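Construct the entire structure; sequences and hints are all you get.
When we follow this note's numbering, the leftmost residue of the sequence shown carries the number 2, and every step to the right adds one.
The set of hints was computed from the structure by calculation and includes no laboratory data.
As the structure is a prediction and not an experimental result, all values here were calculated from the model.
Beta carbons: idealized from backbone N, C-alpha and C, even for Gly.
Accuracy of the hints is not assured; some may be wrong.
[As the list claims (entries may be wrong)] Pair ranges (Cβ atoms, derived):
1. Q126 with Q67: 25 to 33 Å
2. M94 with K156: 15 to 23 Å
3. G154 with P123: 30 to 38 Å
4. A68 with Q97: 18 to 26 Å
5. Q67 with Q97: 17 to 25 Å
6. Q86 with G154: 32 to 40 Å
7. A113 with T135: 28 to 36 Å
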Amino acid sequence: MGDTTRRRTVLAAGAATLAGTVLSGCGSDGGTEAAADNAPGTAPGDGQAQPSAGAAAGGGAGGGGQALAQTSDIPVGGGKVFKDQKVVVTQPMAGQFKAFSATCTHQGCSVATVKDGNIVCPCHQSLFKISDGTVAGGPATRPLAAAKIAVEGDKISLA
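Printed below as a string of structure tokens:
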């Protein structure tokens, strides 16, 4: 009986560890969204880029973030997914740029496209509004986390 009990204990411990690992991938750590909400250059909770002090003053000093695109690369009423940087940049209205995590809140897939005013996840067809990242169609129930970007002149970069 000792061998059977030991096997059950080892198997149960392994299953518990695996279940915890899998479930942690579906959850949220709560830190990303909170950090993005309080970041300089964004208004709380909206993921909208605000011009930096250097850009507002006409200075040429950059924000130091990784360049993503030209403002002309982001269509009005649409957006663009940057897979390598895991971010989506949208332009809901002319001159208004917003950014969100490209990781779907349903099961962690990467969103793939921006179509008809929505950010689309290809895994289960969750839809998120380009204006604020909120859910426009499930199965996702939580919005995309806001991301930090800076718009300086005609350049968009990670903040």
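Results for each hint:
1. Distance hint for Q126 and Q67: a CB-CB separation of about 30 Å, consistent with the stated range 25 to 33 Å.
2. As the Cβ distance of M94 to K156 is approximately 19 Å, the hint placing it in 15 to 23 Å holds.
3. Distance hint check: the CB atoms of G154 and P123 are about 33 Å apart, consistent with the given range 30 to 38 Å.
4. At about 20 Å, the beta-carbon gap between A68 and Q97 stays in the expected band of 18 to 26 Å.
5. Checking the proposed 17 to 25 Å range against Q67 and Q97 shows it holds: the Cβ atoms sit about 21 Å from each other.
6. A hinted range of 32 to 40 Å is violated for the C-beta pair Q86 and G154, which are about 20 Å apart.
7. Take A113 and T135: their Cβ atoms lie about 19 Å apart, and the range 28 to 36 Å is violated.
Of the numbered hints stated above, those contradicted by the structure are hints 6, 7, listed in ascending order.
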